[in-house]
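**Q** On the provided structure of chain A, position chain B as indicated by the hints.
Now for the letters of each chain:
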Amino acid sequence: MDKIFRVNMSDLSTKIEAVPSAWAGLGGRGLTSTIVAAEVPPTCHPLGENNKLVFAPGLLTGTPAANSGRLSAGAKSPLTGGIKESNAGGTAAQMLARLGIKALIIEGLPKGDAWYSLHVTKDGVTVQEETELLGKGNFAVIEALEARLGKKTGILTIGQAGELKMTAANISVKDPDSKIRSHGRGGLGAVMGSKRIKFITIDDQGAPGVKVAEPEKFKTAARTFAKALLDHPVSGEGLPTFGTNVLVNILNEAGGLPTRNFTYGQFEAHEKISGETMHDTIVERGGKPKHGCHAGCIIQCSQVYPDKEGKYVTSGFEYETIWGIGADCCVDNLDDIAVADNLMDDIGIDSIETAVMFGVAMEAGILPWGDGKGIIRLLKDEIAQGTPLGRILGGGAGSVGRAFGVTRVPVVKNQGIPAYDPRSVKGIGITYATSTMGADHTSGYTIATNILNVGGHVDPLKKEGQVELSRNLQIATAAVDSTGMCIFVAFPALDIPECLPALIDMINARFGINLTGDDVTELGKYILKTERQFNIAAGITNAHDRLPEFFTTEPVPPHNAVWDFTDEEIDEFWNF
Amino acid sequence: MQITVKLFATFRAGRFAVEPRTYPPGTPIVEVIRELDIPEAQIGMIMLNNRHAEPEQELHEGDNLSLFPLVGGG
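Residue numbers (my numbering), protein chains in the order written: chain A, 6 to 581; chain B, 4 to 77.
So here's chain A without its partners, still in its complex pose:
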């Protein structure tokens, strides 16, 4: 029987509770957002005692369904001031699901100055005081904990950024190779740091495992679903070969690759940081061009990037990070970007927020354009050390913009805008503006249809059809984020007719229920509306569903496009 594990850091008590019936059909984002909306006062301080940090595996996590091993983390975000859900791969989600833990809720704040760790087993959670690993980076934490508790231990940890409660701090999740995946966005690492929890370890020995109500039906649907993933050219071939970084050259050609802090739409040195170059470099140096972020991933979009000597530098080296440190900061050296990526994993700071921040920092004159070594130095010597400058930088793009009086600050709801210029790819601009998460490309990835011709085509440079496209994708994504599925299942789901019904059949077979496609759409709508209601009560209204002013006044070459949606046109998004 699934349970809720609850930890109160104010008195260091722990409880195991039955799952309320209203939560029974929810998982992942649907569950974290429901719990945050139900239990966190929207106006509370995100780093105060009334905020709660919630972890929830998806509805299909822990089953043999391909690509279902994602973990959702939720809270009120210290970066946006609104509700936050951020999901990641790694090993923790499947362990929690096998333990029958529907959600882990962490509430309250410890009274004194001590730091703690949580240890999760089938019998519950124990809270222990922690001293040894304070101030350590995430890689050292993982190494030490594997030595302390064994190689199979699941780990959620914060680096120095989380301990220092920086609003760009993330929560790191150990992956199957003892490296790191991240609950990246929205500063959830600062929430964990505010509760003075350095790490959470998971031991799934004796776990009851996930029971599937109708195993034969499940097996058939799982086979159809996996076949769709492997048959689609994006998930079956493109992503495993070039990773997400194949997008550098594509966005550059489309004129939507934000360059020099969103001044241009193309980067002269795009080829040097492209997915094609990265693939050839990895192969030449004996790294791994494909790699999965969790057991059961058959897409394998991740990779292991080595240095010239063949030594590990980083993995999970994503387009958005490479774009941000690369084109947006005019850094044309992929090795420097890889070192920065590894450092951001180690310090525990969101590599999208931080990359966007460095673009603003260069605009502010903190370091010269193209200075990859300078970025590495600021990460090590300022952010990881928590110097006064490091704390401003660790607050993200908005923080640096405010501290240095920069007006070109690409954020929505104070969260950095990733990798796709909203002036020349207008659908994603609607997603950035309206997402309950702040600027978040994954919450309604219109790039699929605007640029990649997946799920049809909507002209990226015209306004027509963008609001509807973003709305449909945001609703579908909220539902997919509740299943534990990787968002890349959307590529086959948009093009292959059998894919989505197979996904719904797996959920039905897992629980012995009869959801229809309409039920899944209703779930997505319910999640968005629940999140929006929380945000409105927290003071975030449609007046915040707007892009920064400079997008409306500064045309971006080569198309010289501006952001030209009226407020009324944007607000139409919520008409459902």
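One or more of the hints may lead you astray.
Quick look at which bits of chain A chain B covers, simulated, 3 or more residues with Cβ under 8 Å [as the list claims (entries may be wrong)]:
#1 454-467
#2 511-522
Covered by chain A, per the in silico footprint, the following chain B stretches (three or more residues, Cβ under 8 Å) [what the hints assert, rightly or not]:
#3 10-17
#4 24-37
#5 45-56
These are computed hints drawn from the structure, not numbers from a lab.
This structure is a prediction, so every number in the text was calculated from the model and none was measured.
Even for Gly, the Cβ is constructed at its ideal location relative to N, Cα and C.
**A** Structure of chain B alone, referenced to chain A:
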């Protein structure tokens, strides 16, 4: 007329990344695809001068043509 052809991802294997190439005036994009021996079913995106284009569109002197297989990321 001379146009610049750019190939991406798997299309580069055994071909090229960027090349100036000469065609008779009015050649449609699909002719270039055939000449390069790229199966049409593998074409994911065509961009002509930084805008999405269709295979039937005619090329003009100085055009930049980019051909992508169906790929994606995010």
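**Q** Check the structure against each numbered hint from earlier and tell me which ones fail, lowest number first.
**A** Hints 2, 4 are the ones this structure does not satisfy, whereas the remaining hints hold.
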